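Residues per chain are reported as follows:
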Amino acid sequence: MSGSSSSSVAGRDIVALEGVTKRFPGIVANDSVDLSIRPGEVHVLLGENGAGKSTLIGMLSGLQQPDEGRILVDGKPTPITSPRHALALGIGTVFQHMMLVPTLTVAENLLLGGPWWQRPRTEELAARVAEITSTLGITVKLHAKVSELSLGEQQQVEILRAMVRNSRLLILDESTSMLTPKGIDELGALMRRLVEQGLAIVFITHKLKEAAAFGDRISVLKLGRKVGEIPPERFRALDEQAIISEIVELMFGKQKDDPEAVERPVRTVRAEAAPLLQVTDLAVAPTDNAPGLSSISFDIRPGEILGIAGIDGNGQKQLAEALAGQRAATGGSVRLEGVAIEALSVGERRRRGLRYLTDDRLGEGTVGTFPVSINFFLKQVGAAPFWRGGVEQRGEIDKRAAELVREYDVRTPSLKTPVARLSGGNIQKVLLARELAEGAKVVIFNKPTYGLDLANTLASRQRIRDTAARGLAVLLISTDLEELLSMCDRVAVIANGALVGTVENTDDARTRIGRLMIGLAA
Amino acid sequence: MTGLFSEVFLSALLFGAVTAAIPLLLAGLGEQMSEKAGVLNIGIEGMMLAGAYLGFVGAFYSGSLWLGFLTGAAGGVAVALIMALLCVRIGLNQIVIGIALTLGLEGLTALLHHFQFSRSYPRLPAADATVIPLLSDIPVIGPAFFKHHLIVYLAVALVFAMGYLYRRTQLGLNLQAAGDKPAALDVAGIDVIRTRTIAVLTTGALAGLGGAYLANVGAGLFIPFITNGAGFLGIVLAMLARGRPVWVLFGALLFGVCLSLTTAMQVAGINIPTDIIQMLPFLAVMIMLVLFGRRASLPAALGIPYERGAR
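Sequence order for the protein chains is A and B. For the first sequence, this note's numbering begins at -9 and goes up steadily by one. For the second sequence, this note's numbering begins at 65 and goes up steadily by one.
Keep in mind that the hints were calculated from the coordinates and are not lab data. Some hints could be false.
[Stated by the list, open to error] 25 Å max Cα-Cα, derived SDA-like pairs, lysine to any residue:
#, chain 1, residue 1, chain 2, residue 2
1, A, Lys135, B, Leu78
2, A, Lys406, A, Leu352
3, A, Lys431, B, Arg358
4, A, Lys135, A, Arg158
5, A, Lys135, B, Phe356
6, A, Lys66, B, Leu229
7, A, Lys389, A, Leu444
8, A, Lys135, B, Arg306
9, A, Lys199, A, Leu444
10, A, Lys135, A, Arg109
11, A, Lys131, B, Arg358
12, A, Lys197, A, Ala227
13, A, Lys135, B, Arg358
14, A, Lys135, B, Phe224
15, A, Lys431, A, Arg390
16, A, Lys131, B, Gly253
17, A, Lys66, B, Phe356
18, A, Lys172, A, Pro403
19, A, Lys135, B, Gly227
20, A, Lys197, A, Arg215
21, A, Lys406, B, Ser361
22, A, Lys131, B, Arg258
23, A, Lys131, B, Phe356
24, A, Lys135, B, Leu74
25, A, Lys135, B, Gly253
26, A, Lys135, B, Leu229
27, A, Lys389, A, Gln370
28, A, Lys135, B, Leu77
29, A, Lys131, B, Ile368
30, A, Lys199, B, Leu77
31, A, Lys172, A, His87
32, B, Lys211, B, Leu366
33, A, Lys131, A, Ala488
34, A, Lys389, A, Asp399
35, A, Lys135, B, Thr233
36, A, Lys369, A, Arg342
37, A, Lys135, B, Ser361
38, A, Lys131, B, Leu229
Just so we're clear, the structure is a prediction, and the values are computed from it rather than from any experiment.
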């Protein structure tokens, strides 16, 4: 894998962790972790949510200091005291949570960090970006405001930023979670080119296939401890399946197969049943940096899951919001059980059974500082029996919330815990419980498993399948093709705000969807 | 009523408007920088008072207005240092500390003034005006806008300097990032605490200068509580200006006209109760808030102390 050019520099650690321990109130985030990061290697850090990956990254990038143990840079013990220090040492990080200033343009974000007395060197940057993006195969709108980019586009900007800074160690924290299959492959190829030039990469993921496909060395973290490592020699000796089963053994110590591969149960959708949701020629006007929607038409029958595939930022969010009533449509009709609802308000659509699970769980999905219990009823504030005469009925709320916590297996210390303190997976469960509650008929899921760990991903998918099995109509928007193929009855492909084709989920669906996504006819 | 529309009256009204606007402008520009960087500076009223007092004392004993401006700015910076230490470095609540600083400085400057001058209110000689040739010969406008102390022109030039700073310089980017997403600035390798400290100290200097101008040029003397809410008007201006210095200028001039009108109408002896006339500037604030308030946009991290790695 690594060429002979890199083997001359390989063998010595750029950065090494020795017995690093980090504690936060109540938890040990990292417990005596050893790690060696070498030039010419993609070092994959695998672990579920809460395994301590983010804390490890925080210490490497100078945001946090270890309580015990030491970090060696080029063989010398070096406390990384600040992010600036980390950058000076050549450690560039693409964080899982966006580290871009939303009110500035992409160019301005890339320029951030230059000497303050200088004028920002815009022309120089543009040339450098053009050079990098051509090898990356991405296009970046330098003059768009970051707040107007999709999450996936923002992530591309972050990767670009680390490249612009000439890092010699690049840390990618869950960088593929927002990318398309093609984008992920491209990132993999890019990582390969970079390590061949002698760069070291730490690649954090919880997708086993990515780990096996892109890694040279894999370290597995579990509850803050490193539970195993596959060194490059061994890595090369194994094929992909063998690596995956070895990782699964390390992570779960039980199943051998790819746990994400779930056989899609054959559901029988009654073709003669009247569609629950009928969308005809839906259109939304484009904004400065978001595509509009044009002539979107589809039907979903009871018990059916319709997938929306496509590269992120092609109008998925606009589609979801237009259906939910959060974005004004400029034309077309939306019928729920045959009744036109396109003129109704968000609340009225919800009352009639149209539910929308946003991908922005903490932003528009929940109120982070409110307790778990209230978050279950955010969309029913003021409604009986939870509110009477404008007064909160604590008893009713807590009773129902406790039921939902049990039913949806929300792991929360108590009903009073502010929802933002829960993990992503549990916040998602709260949203699921709220949106699937009584009266749901059509449910729109926007990237329902984005950023969740394996266990929660599987649980969410099962919940969506159950939803359809109950006879509801499901619209599943996802950039994860595997997810769509494992769940949907039909998959429509969205590109530039229009549906370019719909594919029955049969054996050759993967290639047909792929062709649609890259602009070829199915 | 004829007096109201005479050339002399109009030009005096506008002259007064400019004089009244300059402290608001300086305070507004200062507050704007602080807010851009994410620090809500309610202590700005206190900084202005410190500037007014020390500016007056400096000018009174040295006989030099310029030295007075310098000591005034230094006074504002001294108060800002406390603010930077407590709110930026230690991360205490910006609103509480801001109010405390304002109240503290109101008392302190009144007390010091009382000790020094007892109940006498010595005056400074009238400030020398820098008359701009040709332009000052234009009727009405000339005497109103082009016969001011040099610092007035400098303050207006500062508006454009600030605009350039925010739009075209690295420091401007850093300031905005510190207010909108400090964590992003931090991982870009720029010290958020330092960036915010620079902003707060600059605010102090500008507010102090504004206070000194108010006392030394506007009034020619120091009296306790002389700022009379000018700092708070500066906060309103900064919030309504949405980060654009030139809007601070327009806003300051508008308020300046109102403040000047209160004086002018009293002088002109119009038969309206003084109380109503004195309400005018604050009525203008309310009208502006109603008209433009919803367009105010504030930085996302405004008022939130930055702590690295906090979750």
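Hint check:
Distance restraint check for Lys135(A) and Leu78(B): the Cα-Cα separation of roughly 41 Å exceeds the 25 Å cut-off, and the hinted pair is therefore not satisfied. At roughly 17 Å between alpha-carbon atoms, Lys406(A) and Leu352(A) fall within 25 Å of each other, so this suggested pair holds. Of the supplied pair hints, the one linking Lys431(A) and Arg358(B) is violated, its CA atoms being roughly 37 Å apart against a limit of 25 Å. A C-alpha spacing of about 29 Å is found between Lys135(A) and Arg158(A), which places the hinted pair above 25 Å, so the restraint is violated.
About 24 Å separates the Cα atoms of Lys135(A) and Phe356(B), which keeps this hinted pair within 25 Å; it holds. Among the hinted pairs, Lys66(A) with Leu229(B) is inconsistent with the structure: their alpha-carbon atoms are about 41 Å apart, more than 25 Å. Our distance criterion of 25 Å between C-alpha atoms is broken by Lys389(A) and Leu444(A), whose separation comes to about 30 Å. In summary, the hint linking Lys135(A) to Arg306(B) is supported, as the alpha carbons are separated by about 16 Å, within the 25 Å threshold.
Among the hinted pairs, Lys199(A) with Leu444(A) is consistent with the structure: their alpha-carbon atoms are about 12 Å apart, no more than 25 Å. Of the supplied pair hints, the one linking Lys135(A) and Arg109(A) holds, its CA atoms being roughly 20 Å apart against a limit of 25 Å. Between Lys131(A) and Arg358(B) the alpha-carbon distance is near 30 Å, which puts this suggested pair outside the 25 Å criterion. Restraint check for Lys197(A) and Ala227(A): satisfied, since their Cα atoms lie roughly 21 Å apart, inside the 25 Å limit.
For the suggested pair Lys135(A) and Arg358(B), the alpha carbons sit about 22 Å apart, so the restraint of at most 25 Å is met. Between Lys135(A) and Phe224(B) the CA atoms are separated by roughly 24 Å; this keeps the pair inside 25 Å, and the hint holds. Of the pairs offered as hints, the one joining Lys431(A) and Arg390(A) holds, with about 21 Å between alpha carbons and a cut-off of 25 Å not exceeded. For the hint linking Lys131(A) to Gly253(B), the alpha-carbon distance of about 24 Å falls within 25 Å, and the restraint holds.
Using a Cα cut-off of 25 Å, the hinted pair Lys66(A) and Phe356(B) is violated, with the two alpha carbons roughly 58 Å apart. With a CA separation close to 40 Å, the supplied pair Lys172(A) and Pro403(A) exceeds the 25 Å bound. At most 25 Å may separate the alpha-carbon atoms for a hinted pair to count; Lys135(A) and Gly227(B) meet this at roughly 19 Å. Restraint check for Lys197(A) and Arg215(A): the C-alpha separation of about 19 Å stays at or below 25 Å, so the hint holds.
A distance of roughly 32 Å separates the Cα atoms of Lys406(A) and Ser361(B); the hinted pair therefore is violated under the 25 Å criterion. The hinted pair formed by Lys131(A) and Arg258(B) fails the criterion: a straight-line CA distance of about 31 Å is larger than 25 Å. For the suggested pair Lys131(A) and Phe356(B), the alpha carbons sit about 32 Å apart, so the restraint of at most 25 Å is broken. Taking the CA atoms of Lys135(A) and Leu74(B), the gap is about 45 Å. The hint is violated against a cut of 25 Å.
Proposed proximity of Lys135(A) and Gly253(B) is supported: the alpha carbons are some 21 Å apart, at most 25 Å. Distance hint between Lys135(A) and Leu229(B) is fulfilled; the C-alpha atoms sit about 19 Å from each other, no more than 25 Å. Proposed proximity of Lys389(A) and Gln370(A) is supported: the alpha carbons are some 15 Å apart, at most 25 Å. Note on Lys135(A) and Leu77(B): the hinted pairing is violated, with a Cα-Cα distance of about 44 Å set against a maximum of 25 Å.
Pair hint Lys131(A) plus Ile368(B) does not hold up; C-alpha atoms about 31 Å apart against a cutoff of 25 Å. For a cut-off of 25 Å, the pair hint linking Lys199(A) to Leu77(B) is broken: about 76 Å separates their Cα positions. Between Lys172(A) and His87(A) the CA atoms are separated by roughly 22 Å; this keeps the pair inside 25 Å, and the hint holds. With a C-alpha separation of about 39 Å, the suggested pair Lys211(B) and Leu366(B) falls outside the 25 Å cut-off, and the hint is violated.
This hinted pair checks out: Lys131(A) and Ala488(A) have alpha carbons roughly 21 Å apart, not beyond 25 Å. Proximity of Lys389(A) to Asp399(A) is assessed by CA-CA distance (about 15 Å); at most 25 Å being required, the pair is judged to hold. Annotation: proposed proximity of Lys135(A) to Thr233(B) holds, straight-line Cα distance about 18 Å (limit 25 Å). Straight-line distance between C-alpha atoms of Lys369(A) and Arg342(A) comes to about 13 Å, which keeps the hinted pair within the 25 Å bound.
The hinted pair formed by Lys135(A) and Ser361(B) meets the criterion: a straight-line CA distance of about 16 Å does not exceed 25 Å. Distance check on the hinted pair: Lys131(A) and Leu229(B) sit about 24 Å apart at the alpha-carbon level, within 25 Å; holds.
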